[in-house]
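Given the sequences, and given the hints that come with them, work out the whole structure.
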Amino acid sequence: MENGKGKWGYIWWQWVTLILHLVAILLFTRGFLLTRTELPFYSHSSDLRQSPCLSPDSNSSSSWTKPSVNRIVIIVLDALRFDFLAPSTFFPESKAWMDKLQVLKNAASTHPSSARIFKAIADPPTTSLQRLKGLTTGGLPTFVDVGNSFGAPAIVEDNFLNQLVQNGKKVVMMGDDTWTQLFPHHFERSYPYPSFNVKDLHTVDNGCIDHLFPSLHEEDWDVLIAHFLGVDHAGHIFGVDSTPMIEKLEQYNKVLERVIEVLENQSGPGNLHENTLLVVMGDHGQTLNGDHGGGSSEEVETAIFAMSFKQPPSVVPPEFDTYSCQLDLDGKNVCISSMQQLDFAVTISALLGIPFPYGSIGQINPELYALGAGSQNLGASQEQSESDIWMQNYANAMCINSWQVKRYIDAYSASSAVGFSHDDVSRIASVYAQAEDQWSHSTKHLLIDRNNGSNTLVPVLERQINAYFNFLSTVAELARSKWTEFNLNLMGTGIGIMLISLIFQFLAIVRANKQHSLTSSSSRDSWNTSAVAFSIFLLGIRACSFLSNSYILEEGKVANFLLSTSGIVALRQSIIKDKLLMESVGFLLLSTFCRFVIEVGLSKQAATSAFMKGYTSWILNIVSGLPVWDYAAEVVPMLVLVLLAFWLYKATSGSFSVWPWKYVILGTILSYMLIIVQWITDSSNRFGVALLPESIGRNIIPRIVYAIALGQFIFMAFHQLFKDNYLDCKTSLVAKTTAMLSTWSSIVILLSGKQGPMIAFASISGGYCIMRLNNIEEDNKEHQRSFSVGPFPVMQWSLFATCLFFCSGHWCAFDGLRYGAAFIGFEEFMLVRQAILLTIDTFGFSIILPVFGLPLLIATKYQTNIGKHFLFTQLSQPNDHSMFYVDVFNIWVHNSSYDDFYDIMCNNSKAALDGKCALLYLNVSHCSISAYLRLVQYFNAYNLFLQVWGLFAPKFVFDVFGLILTDVLICFASIYYFVQGKDDPSLKSSGR
Amino acid sequence: MSSSMDRRKSREKTTAKDASTIETPPPPQISASEAFIVNLVCVFGLAISFSIANKGYSFDLVSDPSHTLFFIWIIELPIVILLFSRYRQNPQQCTYLRAVGRGMLGVPVGALLNSLGAIALGAPVTFQYLPKTVNWSLMMSLLTIVPPSCVLGSSWADWRRIFAQTKASGSVEYLICLPAHGAVIGGWFGAWPMPLDWERPWQEWPISVSYGAIAGYLVGVVASCGFVLAHGRSQHVKRD
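Going down the list, the sequences are from chains A and B. Residue numbering for the first sequence follows full-length UniProt numbering, beginning at 1 and increasing consecutively. Residue numbering for the second sequence follows full-length UniProt numbering, beginning at 1 and increasing consecutively.
Simulated from the structure, these hints should not be mistaken for lab results. Here the structure is a predicted model, which is why all the values come from computation and not from measurement. There could be a bad hint or two in this list.
Stretches of chain B that chain A covers, calculated by requiring three or more beta carbons in the stretch to come under 8 Å of a beta carbon on chain A [unchecked claim]:
| # | region |
| --- | --- |
| 1 | 111-125 |
| 2 | 156-165 |
| 3 | 191-202 |
Listed below are the simulated EDC-like cross-link pairs for lysine to aspartate or glutamate, each with C-alpha atoms no more than 20 Å apart in a straight line [what the hints assert, rightly or not]:
| # | chain 1 | residue 1 | chain 2 | residue 2 |
| --- | --- | --- | --- | --- |
| 4 | A | 170 | A | 274 |
| 5 | A | 577 | B | 158 |
| 6 | A | 170 | A | 222 |
| 7 | A | 199 | B | 197 |
| 8 | A | 95 | A | 241 |
| 9 | A | 199 | B | 204 |
| 10 | A | 482 | A | 410 |
| 11 | A | 119 | A | 367 |
| 12 | A | 579 | B | 158 |
| 13 | A | 444 | A | 47 |
| 14 | A | 66 | A | 274 |
| 15 | A | 557 | B | 199 |
| 16 | A | 557 | B | 204 |
| 17 | A | 557 | B | 197 |
| 18 | A | 199 | B | 199 |
Negatives, chain A to chain B, calculated, CB over 10 Å [said to hold, decoys possible]:
| # | residue |
| --- | --- |
| 19 | 29 |
| 20 | 109 |
| 21 | 300 |
| 22 | 835 |
| 23 | 975 |
Think of the CB as a built atom: it goes at the ideal place given N, C-alpha and C, for glycine as much as any other residue.
Written out as structure tokens, the structure is:
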């Protein structure tokens with residue numbers, strides 16, 4: 001029908017879909033993927049000369065600010081809620097877990113000038129790793145920090161630990177091993193303890209305590225970090241209102257009492273802790289259930305307690321205080337200030353006198369900074385009060401701080417692809433220019449010329465500091481909006497367009513079905529309808545499974561579970577029909593086999609990513625002990641590859657030995673042989689025998705394989721221009737598909753390494769079974785043939801492809817990418833080339849081969865009938881084929897975008913949960929969404945280090961990438977396979 | 001959901017076929033009250049085994065799955081075999097003892113089939129799970145395969161009709177078909193909470209699956225009672 005329209009009449013759907021998807025993804029990604037570029041710049045102590053500010057010491061440029069404390073003890077209590085530390089009188093109701101850290105509260109009330117409690121506001125995501133990163137760098141870590149060394153979580157950005165090490169200070173760490181992951185080379189000594197076993201409340205804490213007290217008596221450190229995990233784990237397991245939690249808090253109270261005692265005893269002049277600052281802090285809060293990760297007030301509100309052991313204590317009354325005081329239960333006055341966690345890194349750096357971290361956007365907190373004030377007496381003119389001197393110092397520190405933040409913002413805007421908008425940058429620049437102007441014209445001179453009366457100085461300084469405050473808070477606000485808040489409008493538009501594309505695809509399928517039912521009345525028998533319903537059911541389940549992070553983590557197993565279920569249903573169907581039993585049993589066995597391979601892959605993943613330990617597969621245990629295995633592992637892939645090559649050879653000599661395709665396939669066989677040669681040289685090298693020079697094996701052969709494949713592609717593309725009329729459409733279709741698949745397969749197998757042939761073998765057998773089972777109900781209706789491919793085989797095809805993705809050792813995380821594959825055949829790095837190779841390796845078995853293999857599903861429709869219904873085969877117009885490709889392709893896209901859509905949906909809600917809970921609760925009037933959010937939160941009940949952000953974002957990136965790749969490939973495939981649609985009149989007439 | 005779908009589908013499909021293959025002896029019939037009693041006894045067996053495990057040895061499915069499953073199947077074994085052997089097909093040719101014998105034979109065969117299915121769907125195969133898997137599959141065998149093997153014996157056509165096409169004719173076949181399907185589908189759904197990170201003890205293999213299977217079995221039992229009742233009524237109407 002409609003021959004005049006040509007092939008474009010049938011394939012424009014795909015292009016429109018592609019464009020719709022691209023637009024939707026672009027919009028959604030802009031709103032959802034909060035990216036921040038990590039700048040590889042570091043602050044140096046000599047940088048200060050570039051600033052307009054004063055050096056603390058004109059003769060030495062070793063520090064930015066005058067060091068006011070010598071040593072800092074940082075005790076991190078993981079998941080320390082604010083109300084663990086603050087007196088219960090600050091809250092409307094007294095709860096069982098409050099007032100347990102008595103010693104800190106007493107210190108704050110008896111020494112108000114040297115000990116202080118802060119309410120510290122963290123920024124989401126409130127997971128330990130992200131928070132530690134934020135605390136040390138002074139930035140706002142997002143979940144996609146571009147430039148992040150994928151896989152290894154080590155912090156590459158500038159941070160205060162790095163500055164400490166650069167400036168010759170020594171750091172000692174004990175407790176949570178996340179620190180050693182983040183800072184592998186920074187510690188003088190470290191005593192890490194494994195953090196992922198949530199059920200273990202005591203190992204980390206006891207290890208901390210064992211090492212903390214001896215270390216307090218030693219001189220070999222400047223900063224000591226002790227990270228206790230017990231409260232976090234107790235929260236995850238038992239919740240906040242539980243006996244283990246209270247016991248933990250009481251234990252900490254004792255520990256902290258001893259710590260303060262030790263520090264106080266040594267705080268005399270000339271003693272070890274003469275000028276030591278104790279900081280007890282939480283990295284984030286937790287909800288009453290012990291959850292954290294999101295942005296609710298319980299999760300972001302944590303506490304910082306800081307105490308200076310300076311003798312005599314500093315008596316500076318800070319002018320910029322934000323505290324509120326109240327009587328506690330004992331009738332003592334306790335004051336609590338408030339600060340942002342963002343400000344921690346820069347304040348600590350200022351206290352220690354080290355350069356501020358390059359990427360820090362915090363401001364020096366005046367109250368915390370004031371705790372070190374005692375030692376800041378410059379010995380200047382005696383008529384100035386201590387508070388004035390402190391204020392001068394602080395103003396200068398704020399000057400340095402603002403200059404450093406401005407420098408970072410400028411560098412970020414210049415180097416980042418998605419920097420700040422132009423308006424924002426110019427607004428910041430004007431605020432800074434104002435403050436800067438004031439500094440250079442008046443304040444600086446006043447500070448240099450200290451002999452002026454303090455009565456003129458103080459108001460000027462106050463104005464100056466306020467100007468800097470203004471600047472820094474503008475920057476922080478902008479950075480928060482850029483890095484921690486989602487753009488819900490963009491996300492919503494993206495989802496809307498995704499929905500439109502879904503409807504569009506659905507209409508296209510309906511239209512295609514309608515058109516094809518003109519030529520052959522499709523008989524929708526009961527199996528068909530139930531198969532449709534069943535596949536929609538399985539698809540729906542799979543889509544829903546993306547709503548929970550647990551299922552995403554186990555996606556391979558879930559896909560395999562569904563695949564096996566569909567296999568069981570197919571087996572049942574074939575028992576009913578009493579035919580194709582071998583195929584369905586074989587398919588079931590194959591999915592069982594996939595299941596074991598996926599489990600081995602998962603255990604590999606666990607070994608690298610460390611949060612799914614404890615799954616040691618028995619296969620690996622049995623197998624690794626035997627020496628035979630080594631040889632088998634070398635030989636078996638080669639044998640399978642030879643088998644594949646033999647198969648292809650038989651195919652060429654068999655049904656379609658026509659010249660163009662034959663040579664394409666012979667080329668593939670040659671590639672296979674070359675791959676085998678490469679493997680033989682490889683393994684012989686390993687066993688000590690050099691058959692070929694290593695360079696040939698490693699580089700030349702892969703390049704030849706790539707060249708052959710490229711040649712085959714060009715050949716096929718050229719061949720598209722010429723028609724071959726001497727093939728009936730079915731054979732031509734099979735030949736084309738086989739040629740295309742074989743061309744891809746050589747590259748994919750080469751990149752996948754030794755497992756390649758096995759997986760190729762599995763995919764061929766799986767595909768064969770699906771194709772055969774596709775025909776299961778054909779012979780019932782011999783008079784009316786249905787060409788349409790129902791959704792059931794397409795769904796099986798798609799599930800099987802997903803399983804192959806996991807079977808080939810991939811998973812949806814950046815450390816699941818096999819970077820080694822990108823360098824097969826090439827030693828030097830070139831972004832585009834390596835990216836293409838990596839894409840082929842990652843999606844080769846799961847997207848590329850299945851998409852190009854889809855026409856086989858249609859081709860086999862004819863195969864079964866070719867004997868009995870030769871006439872019908874001849875009668876089938878190529879246009880019908882075209883129809884069915886459209887059909888199948890659309891269903892395929894439909895499937896994948898369906899999944900993707902749900903994924904985006906869930907990402908959206910997840911994102912909203914994490915970042916903008918409060919705003920969403922305000923804005924969204926739909927009860928359903930907030931109910932859904934609560935559901936998601938409930939599902940999240942126990943996530944600890946399994947970071948939601950770290951899990952969903954890579955999954956989103958993988959799926960989006962896969963979707964675009966699928967779309968593009970389908971577009972190309974449709975061009976490739978549709979070409980003969982033009983010459984159908986001749987075929988039709990010859991057939992008849 | 002899918003079971004009802006399959007049932008509808010196969011009923012439509014096989015109406016045409018039945019006309020040609022009618023020469024099999026009429027399926028055994030029992031009255032609705034008898035069917036009700038049979039179901040009640042089976043469910044009672046389940047309840048007894050739970051209460052023995054709970055009261056007598058103070059453990060349940062969560063704390064000691066493998067022993068609880070052992071109790072279930074060891075108590076259900078005589079009940080199911082002795083009960084369903086009474087309703088064997090062709091009671092003239094097949095003695096009661098023979099039906100009991102093939103029921104006994106059905107126990108390991110059914111266990112093997114069930115465990116293979118579970119492994120295909122992802123049941124763990126490590127050594128520590130071996131007793132649990134064995135006991136679970138023996139229980140599943142008693143809920144699914146053993147009753148038909150007592151009743152049907154080795155008649156492949158009947159097996160295919162009941163299990164592949166879900167086409168039960170006669171009250172006894174309802175009694176063996178629906179609970180078996182219910183148990184399998186319930187077990188399938190019972191596997192879904194397993195990957196969730198709630199860290200509850202019942203998420204372990206095979207606890208949630210067993211709960212699902214037993215729940216599905218109970219639903220199937222209730223449904224079969226309903227079907228037998230409806231079937232009896234329609235028979236009654238026909239006779240009139």
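The hints, checked one at a time:
1. 111-125: holds (count 6)
2. 156-165: holds (count 4)
3. 191-202: Coverage by chain A holds for the region 191-202 of chain B (6 residues, Cβ < 8 Å).
4. 170(A) to 274(A): holds (17 Å)
5. 577(A) to 158(B): holds (14 Å)
6. 170(A) to 222(A): holds (5 Å)
7. 199(A) to 197(B): Holds. Residue 199(A) to residue 197(B) sits at ~13 Å (cutoff 20 Å).
8. 95(A) to 241(A): Satisfied, since the Cα-Cα distance of roughly 8 Å is no more than 20 Å.
9. 199(A) to 204(B): It holds: about 16 Å lies between the C-alpha atoms, which stays within 20 Å.
10. 482(A) to 410(A): Holds, at roughly 15 Å.
11. 119(A) to 367(A): Judged against 20 Å, a Cα distance of about 12 Å means the pair holds.
12. 579(A) to 158(B): holds (17 Å)
13. 444(A) to 47(A): Distance of about 19 Å is within 20 Å: holds.
14. 66(A) to 274(A): Holds. Residue 66(A) to residue 274(A) sits at ~17 Å (cutoff 20 Å).
15. 557(A) to 199(B): Distance of about 18 Å is within 20 Å: holds.
16. 557(A) to 204(B): Answer holds: residue 557(A) to residue 204(B) is near 15 Å, not above 20 Å.
17. 557(A) to 197(B): Status holds; Cα separation ~15 Å.
18. 199(A) to 199(B): Holds, at about 10 Å.
19. 29: Fine: 27 Å to the nearest Cβ keeps residue 29(A) off the interface.
20. 109: Holds, since 40 Å exceeds 10 Å.
21. 300: holds (23 Å)
22. 835: Check passes; 32 Å lies beyond 10 Å.
23. 975: holds (39 Å)
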